[in-house]
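*Asks:* Sequence:
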Amino acid sequence: MSYTTDEKYILRCFELAKKAIGKTSPNPYVGAVLVKDDKIIGEGFHQKSGLAHAEVEAFSHSQTSNAGATLYCNLEPCCHTNKKTPPCTQRIIQEGVSRVVVSNLDPNPEVAGKGLEQLKQAGIEVVSGVLESQGAALNEVFFTHITKKRPFIHLKWAQTLDGKIATTSFQSKWITQEKARFHVHQERNLYDAILIGAHTANQDNPRLTIRLDQETCKKRIILSPSGKLDSSLSVFTDSFKAQTLVITAKNSQFCHDGETLKLELKDKFFDLNDLLKALYSKGIYSLYVEGGSTVINSFLSQYLYDRLSVYIAPKLLGKGLQSVHQMHFDSMEQSIVLKEGIWTQFGDDILFESGKNECLQD
1 MSYTTDEKYI LRCFELAKKA IGKTSPNPYV GAVLVKDDKI IGEGFHQKSG LAHAEVEAFS
61 HSQTSNAGAT LYCNLEPCCH TNKKTPPCTQ RIIQEGVSRV VVSNLDPNPE VAGKGLEQLK
121 QAGIEVVSGV LESQGAALNE VFFTHITKKR PFIHLKWAQT LDGKIATTSF QSKWITQEKA
181 RFHVHQERNL YDAILIGAHT ANQDNPRLTI RLDQETCKKR IILSPSGKLD SSLSVFTDSF
241 KAQTLVITAK NSQFCHDGET LKLELKDKFF DLNDLLKALY SKGIYSLYVE GGSTVINSFL
301 SQYLYDRLSV YIAPKLLGKG LQSVHQMHFD SMEQSIVLKE GIWTQFGDDI LFESGKNECL
361 QD
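Every letter in the sequence shown is one number past the one before it in our numbering, and letter 235, counting from 1, is 235.
It is worth saying that the hints were derived from the structure and are not from the lab.
Careful, some of the hints might be misleading.
[Unchecked claim] Derived lysine to any residue pairs resembling SDA-like cross-links, with alpha carbons at most 20 Å apart:
1. Lys23 / Leu265
2. Lys19 / Asn189
3. Lys277 / Lys19
4. Lys23 / Cys255
[Said to hold, decoys possible] Cβ pair distances, simulated, as ranges:
5. Ser49 / Ser128: 56 to 66 Å
6. Asp348 / Thr81: 46 to 56 Å
7. Ser301 / Leu212: 48 to 58 Å
8. Ala122 / Ile40: 43 to 53 Å
9. Ala278 / Leu161: 50 to 60 Å
10. Gly129 / Thr168: 17 to 27 Å
Idealized CB from N, CA, C, for every residue including glycine.
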């Protein structure tokens with residue numbers, strides 16, 4: 001595939017932005033490239049919330065005058081002041097940049113086109129919408145939590161070829177092989193929190209940590225309406241126990257050394273919209289939901305998901321716990337229709353990934 005000059009440099013912005021994958025929340029992934037006389041004179045990316053934005057990083061790496069240069073950035077430069085860093089638009093104008101090219105407008109209402117408008121008013125040529133869909137995919141988590149005011153929700157489970165997630169005795173280790181399980185750790189690293197139900201916690205005793213170069217841990221959320229959780233579980237005893245958040249019923253007597261949040265129940269389970277609001281208010285803007293069956297089915301049945309990943313192993317169990325057995329539709333027209341999916345092979349296992357089909361299910 002051939003790309004225009006603008007597309008080529010926006011693609012470089014994407015590459016730079018991805019260097020901070022899993023590190024910038026609640027901010028987006030942003031890369032910036034300064035080009036003058038058809039040569040890159042500076043580039044950078046936003047590394048972490050509170051640190052310099054990508055545009056400023058690009059300026060700081062330039063060893064020449066930026067006057068007359070073109071600035072490429074995958075997201076519209078910020079123009080608001082009520083944040084940890086100064087507005088990028090002011091710096092861009094001060095540097096004498098003559099042209100700015102972006103992939104996406106910033107959906108934050110405090111920006112939302114105002115940044116580009118400031119640049120236009122300063123006499124800077126502005127181009128937007130370059131590789132727009134790719135830019136939106138890169139920042140799907142940020143765009144979702146800004147526009148929907150709830151966490152981005154990624155549902156994930158592993159199953160056998162005949163759709164089983166565990167044996168009749170609830171054994172599920174291991175459905176998939178090591179390559180697929182390693183990919184799960186890479187996925188965990190993308191999100192603010194990992195969420196499971198009480199049955200999965202008690203039955204499997206998962207650590208829910210991220211084991212890549214070194215072991216790290218995001219927020220671990222356990223949903224337990226009754227509060228009946230084994231106190232010896234890894235999530236309560238390991239070195240990351242302060243990262244464990246248990247969500248239980250208002251009348252539950254459960255307590256532990258970490259954080260506990262009590263919510264009202266609705267039909268013996270949590271109202272997921274109330275749950276999402278509570279997590280959003282705590283600064284949790286993205287969720288990796290790993291099960292078990294009750295939790296997955298609860299989110300699916302209410303169409304509360306943005307991305308879905310199913311790891312499928314070439315195994316047959318026959319009898320066992322079905323992955324989506326709690327849902328029931330009387331006709332094909334009622335079924336959940338997924339977006340066109342992506343299939344990826346990890347050894348003998350296959351991963352199916354799909355986004356939510358918004359036009360049919362919102």
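*Asks:* What are the numbers of the hints the structure violates, in ascending order?
*Replies:* Hints 1, 3, 4, 5, 7, 8, 9, 10 not satisfied by this model.
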